[in-house]
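Whole structure, please, built from the sequences with the hints as guidance.
Chains A and B, in that order, give the protein sequences.
Under our numbering, the first sequence has 468 at position 206, and the numbering climbs by one with no breaks.
Under our numbering, the second sequence has 83 at position 38, and the numbering climbs by one with no breaks.
The set of hints was computed from the structure by calculation and includes no laboratory data.
Only a predicted model underlies this, so the values are computations on that prediction, with no experimental measurement involved.
Be a bit skeptical, because a hint or two may be false.
From the derived model, a few chain B residues whose C-beta atoms are all more than 10 Å from chain A [unchecked claim]:
| id | residue |
| --- | --- |
| 1 | Ala52 |
| 2 | Ala69 |
| 3 | Phe141 |
| 4 | Leu298 |
| 5 | Ala307 |
Straight line, CA to CA, 16 Å or less: simulated EDC-like cross-link-like pairs of lysine to aspartate or glutamate [claimed, not checked]:
| id | chain 1 | residue 1 | chain 2 | residue 2 |
| --- | --- | --- | --- | --- |
| 6 | A | Lys313 | B | Glu89 |
| 7 | A | Lys325 | B | Asp84 |
| 8 | B | Lys267 | B | Asp72 |
| 9 | A | Lys325 | B | Asp293 |
Just so you have them, the derived chain B footprint on chain A, three or more residues with Cβ under 8 Å [what the hints assert, rightly or not]:
| id | stretch |
| --- | --- |
| 10 | 276 to 289 |
| 11 | 303 to 311 |
| 12 | 316 to 329 |
| 13 | 381 to 392 |
| 14 | 412 to 426 |
| 15 | 443 to 450 |
Note that the Cβ used here is the ideal one computed from N, Cα and C, for glycine as well.
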Amino acid sequence: MARSIWNGTITFGLAAVPIKVHSATEDKGVHFHQVHAKDGARVKQVRICSKEGKEVPYKQVAKGYEVRGGEYVMLDQEEIDAAAGEHSKVIVLDEFVQAEQIDPVFYDRGYYLGAGNDGQDAYRLLHDALERSERVGIGRWVFHNREYLVAVRPLDGVLALHTMRFGDELIDADSLDIPKPSRRPNRREIEMASKLVDSLHARFDPSSFRDAYRDRVLDLIKAKARGEEPDLPEAPEPQEDQDLMSALEASLGGRS
Amino acid sequence: MARALWAGSLSFGLVNVPVNVVAATRDLDLHFTQLHEKDGAPIEVQRWCSKENVEIPYDEITHGYELDDGGQVIVSDLELQAIEPRKTRTIDIEQFVDLPDVDPMYFDHPYFLVPAGEDDGSLRAYRLLSEVMSQTDRAALGRFVMRAKEYLAIVRQRDGALTLTTMLFADEIRDTKGIDDGHQKSHKPAPKQLDAAVAVIEELSTDWDPGKYKDRYRARLKRVVDRKRKGETIKAPEDAGPPEVPSDLMEALERTLEELQAGNGKRR
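Here it is in structure tokens:
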């Protein structure tokens, strides 16, 4: 397991659990550098003062919040960091909610928690108590000078921590004004669609999905590294639209 | 109407539902511009060739992939376009799975799917898929291509609408091996201790009400900006330091329970 990215304490009530935070996810996307096509040299970003027309060293860069067109309030990093708040090394789980009440849309980034120094007993206790009560602990976490709402839950024998989206960051489905059909789907349509869903039902097996695009990019890179010219894939024929009932029937292939 | 980030059709079996992908989140973060500290002038970022030390126009920039041996492979836009996934107008549902089986760890970025066009057949097909999935607590897995990248996506019903969430691939989620989870027998909590911890959790239990949690960081950052605008000095708050907690877990739990129950008693 990769080294921890944060060490601190989780508290619930007066009990304290020393923990370490590890990333649970990693970006496997293929990343390129920008290079100059002519000579293959790395492209560097140069900061130019729009007033003086001269390069600005990184140390002289401040942050500006635009309060009106072209008018900025200037802050340095320290002042921005001041917004992080206190309790920088403690996550207080002051509320617990039923895991099933939280829609997955609220979960943002995922992390794993490991036990901190001599914290194994307390870690196991919190894990087992969350598992038994089917609850998720809710608290606040200050990470990289920013405070997050977090949820702590048991997952595959360890504790997982998620940063959470705030309610106001989510767009309400009602605001989409989705038009309704003139009549609701009838019983026969529901039956047929259910059969179709059943016929395509499978157990979720995440390892059966590969990032085919990533594979293709890496293949292209490998081929080019060997000095080969890449092959170009063919475009498939587009499908024609059909009406709902006959499409459902055709999908089931006479099994209805 | 919300802006379409993608337009195409959702296809399961031979049923095609024309849909648009629209945002399900809004960015409420405060965004900052880089300024030159000395004169407060905005900074313009230019791209320079690190060899020639001159600014280069955008069309002279291409992509370099660094190999493990330090070498570099240059890949052009044209070559990347050639391997772009072709089928760009369909969300192909490959299978339906039980939603509780899909751990939220796999969920990446959420969107909504809204019906495109007003024809009754499409609206009914949209409604049909939404109802059938919500009745059976199932979700659809499929692939779709957006901005030249192929995504694995999960489509499900939420609040009467179909949502599409891009997903992480299995190899993007780390193994929990090596996490110190205190699974050894010696760390197993005593039944009395576990009962007390569960009792504390139950005392502190409440319904999930996402609206009540405010982004205090965003609010504080706004205050910092406002105060700075008025010319005030901003100082970081002192760290609170480690919490004072009893070293004995059982004692901590018992004291917590006493305090919580006394508190609840007073309220009643």
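Count the residues of the stretch 443 to 450 of chain A whose Cβ falls closer than 8 Å to any Cβ of chain B, and tell me whether that reaches three.
With 5 residues close enough to chain B, the hint holds.
Are Lys325 of chain A and Asp293 of chain B close enough, with their CA atoms no more than 16 Å apart?
It is violated: about 47 Å lies between the C-alpha atoms, which goes past 16 Å.
Is the listed coverage of the stretch 412 to 426 of chain A by chain B valid when you require three or more residues with a beta carbon under 8 Å from a beta carbon of that chain?
Satisfied; 8 residues make the cut.
Sort out whether Glu89 of chain B lies within 16 Å of Lys313 of chain A, counting only the CA atoms.
holds, 10 Å
Is Lys267 of chain B within 16 Å of Asp72 of chain B, Cα to Cα?
Judged against 16 Å, a Cα distance of about 15 Å means the pair holds.
Are 3 or more residues of the stretch 316 to 329 of chain A near chain B, judged by a Cβ distance of less than 8 Å?
holds (count 9)
Assertion that Ala307 of chain B lies outside the chain A interface [Cβ separation over 10 Å]:
holds, 13 Å
Confirm or reject the coverage of the stretch 303 to 311 of chain A by chain B under the rule of 3 or more residues with a beta carbon closer than 8 Å to the chain's beta carbons.
It holds: at least three residues are needed, and the stretch 303 to 311 of chain A offers 9 whose Cβ sits within less than 8 Å of chain B.
Cβ separation check - Ala69 of chain B to all of chain A, threshold 10 Å:
Not fine: 5 Å to the nearest Cβ puts Ala69 of chain B too close to chain A.
Please verify that the nearest CB of chain A lies beyond 10 Å from Leu298 of chain B's CB.
violated, 6 Å
Are at least 3 residues of the stretch 381 to 392 of chain A within less than 8 Å of chain B when you compare beta carbons?
holds (count 12)
Given coverage of the stretch 276 to 289 of chain A by chain B, checked by CB-CB distance under 8 Å (3 or more)
As far as the stretch 276 to 289 of chain A goes, the hint holds, because 10 residues have Cβ atoms under 8 Å from chain B.
Of the hints listed earlier, those the structure fails to meet are numbers 2, 3, 4, 9, in rising order.
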